[in-house]
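K.L.:
Here is how the chains run, residue by residue.
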Amino acid sequence: SAVISQKPSRDICQRGTSLTIQCQVDSQVTMMFWYRQQPGQSLTLIATANQGSEATYESGFVIDKFPISRPNLTFSTLTVSNMSPEDSSIYLCSVEDGGAGELFFGEGSRLTVL
Amino acid sequence: RKEVEQDPGPFNVPEGATVAFNCTYSNSASQSFFWYRQDCRKEPKLLMSVYSSGNEDGRFTAQLNRASQYISLLIRDSKLSDSATYLCVVTQMDSNYQLIWGAGTKLIIKP
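Protein chains in written order, with my numbering: chain D, 42 to 155; chain P, 303 to 413.
So that you can see chain D by itself, here it is in the shape it has in the complex:
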């Protein structure tokens, strides 16, 4: 199983600022996924981060708002840009390992925007 380190674990930010979340995996993985989970809601996929190419964004999410980097096979960052209170959520990094559908998650980054 993959071990994922994600940071920061939590942050409180001012409206209009940006925050970058880092995700480090202990093994090389092809795809890394960034999810958002708002209170009482299901996980929503923001984008898939591919090494060596641009991230693939899901409907409703755009690169200008959520730029992603994937410099190598063990690391990725997600930036939440020009934050508003609606961006307050838990952001989770995930990788697929051990077969289709089995995802391993970082501990999440709990973001509060004032």
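Please keep in mind that the hints were generated in silico from the structure rather than gathered at the bench.
A virtual CB, placed ideally from N, CA and C, is assigned to each residue, including glycine.
Incorrect hints may appear among the rest.
SDA-like mimics (lysine to any residue), calculated; alpha carbons at most 25 Å apart, straight line [stated by the list, open to error]:
{"id": "1", "chain 1": "D", "residue 1": "Lys106", "chain 2": "D", "residue 2": "Ile53"}
{"id": "2", "chain 1": "P", "residue 1": "Lys347", "chain 2": "P", "residue 2": "Leu376"}
{"id": "3", "chain 1": "P", "residue 1": "Lys344", "chain 2": "D", "residue 2": "Glu95"}
{"id": "4", "chain 1": "P", "residue 1": "Lys347", "chain 2": "D", "residue 2": "Arg111"}
{"id": "5", "chain 1": "P", "residue 1": "Lys344", "chain 2": "D", "residue 2": "Gln69"}
{"id": "6", "chain 1": "D", "residue 1": "Lys48", "chain 2": "P", "residue 2": "Cys342"}
{"id": "7", "chain 1": "D", "residue 1": "Lys106", "chain 2": "P", "residue 2": "Leu401"}
{"id": "8", "chain 1": "P", "residue 1": "Lys408", "chain 2": "D", "residue 2": "Ser130"}
{"id": "9", "chain 1": "P", "residue 1": "Lys408", "chain 2": "D", "residue 2": "Ser50"}
{"id": "10", "chain 1": "D", "residue 1": "Lys48", "chain 2": "P", "residue 2": "Arg339"}
{"id": "11", "chain 1": "P", "residue 1": "Lys381", "chain 2": "P", "residue 2": "Gln365"}
{"id": "12", "chain 1": "P", "residue 1": "Lys304", "chain 2": "D", "residue 2": "Pro80"}
{"id": "13", "chain 1": "P", "residue 1": "Lys408", "chain 2": "D", "residue 2": "Ser83"}
{"id": "14", "chain 1": "D", "residue 1": "Lys106", "chain 2": "D", "residue 2": "Leu86"}
{"id": "15", "chain 1": "P", "residue 1": "Lys347", "chain 2": "D", "residue 2": "Glu143"}
{"id": "16", "chain 1": "D", "residue 1": "Lys106", "chain 2": "P", "residue 2": "Asp309"}
{"id": "17", "chain 1": "P", "residue 1": "Lys347", "chain 2": "D", "residue 2": "Thr115"}
{"id": "18", "chain 1": "P", "residue 1": "Lys381", "chain 2": "P", "residue 2": "Asp309"}
Here chain D is said to cover these stretches of chain P; the calculated rule only asks that three of the stretch's residues, wherever they fall, bring their Cβ under 8 Å from a Cβ of chain D [unchecked claim]:
{"id": "19", "segment": "345 to 353"}
{"id": "20", "segment": "404 to 412"}
Here the structure of chain D is known, so what remains is to put chain P in place on it, guided by the hints.
P.N.:
Showing chain P alone in chain D's frame:
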């Protein structure tokens, strides 16, 4: 209609009881099915995959009903530590491979 639906609960169940919850999915072409467990303020973790023939892991039994398009999770002899949110996940291949998550069912086991 949501692609994957779960009763949000909470299910308040006394310790030792048996509890079951379902998850319905809308896409008949869905391929794989999973139950994840998410503890409060923690990340989701895979509990078990759901196979066509049904599968059991200790006190947990998962079943798939393709005709009616639902999966179920049964927990026997529930423990206090079973308190968590249980998330249903369905995979499907549209233009690309997708994981569709239910919103989760919250389970509270009471002493």
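K.L.:
Is the Cα-Cα distance between D:Lys106 and D:Ile53 25 Å or less?
P.N.:
Roughly 18 Å between the alpha carbons, so the hint for D:Lys106 and D:Ile53 holds.
K.L.:
Between D:Lys48 and P:Cys342, is the straight-line Cα distance small enough, at 25 Å or below?
P.N.:
18 Å, holds
K.L.:
Between D:Lys106 and D:Leu86, is the straight-line Cα distance small enough, at 25 Å or below?
P.N.:
Holds, at roughly 14 Å.
K.L.:
Between the alpha carbons of P:Lys381 and P:Gln365, is the straight-line distance 25 Å or under?
P.N.:
The given pair, whose Cα atoms are some 21 Å apart, holds under the 25 Å limit.
K.L.:
Can you confirm whether the C-alpha distance between P:Lys347 and D:Glu143 stays at or below 25 Å?
P.N.:
9 Å, holds
K.L.:
Hinted pair, alpha-carbon criterion (25 Å max): P:Lys408, D:Ser130. Please report holds or violated.
P.N.:
19 Å, holds
K.L.:
For the pair supplied as a hint, P:Lys347 and D:Arg111, confirm whether the alpha-carbon distance does not exceed 25 Å.
P.N.:
24 Å, holds
K.L.:
Between P:Lys347 and D:Thr115, is the straight-line Cα distance small enough, at 25 Å or below?
P.N.:
20 Å, holds
K.L.:
Has the segment 404 to 412 of chain P got at least three residues whose CB is nearer than 8 Å to a CB belonging to chain D?
P.N.:
Coverage by chain D holds for the segment 404 to 412 of chain P (3 residues, Cβ < 8 Å).
K.L.:
Holds or violated: D:Lys106 with P:Asp309, Cα cutoff 25 Å?
P.N.:
32 Å, violated
K.L.:
If you count the residues of the segment 345 to 353 of chain P with a beta-carbon closer than 8 Å to a beta-carbon of chain D, do you get 3 or more?
P.N.:
holds (count 5)
K.L.:
Between the alpha carbons of P:Lys304 and D:Pro80, is the straight-line distance 25 Å or under?
P.N.:
Holds, at roughly 18 Å.
Violated hints for the displayed structure, listed by number in ascending order: 3 and 16.
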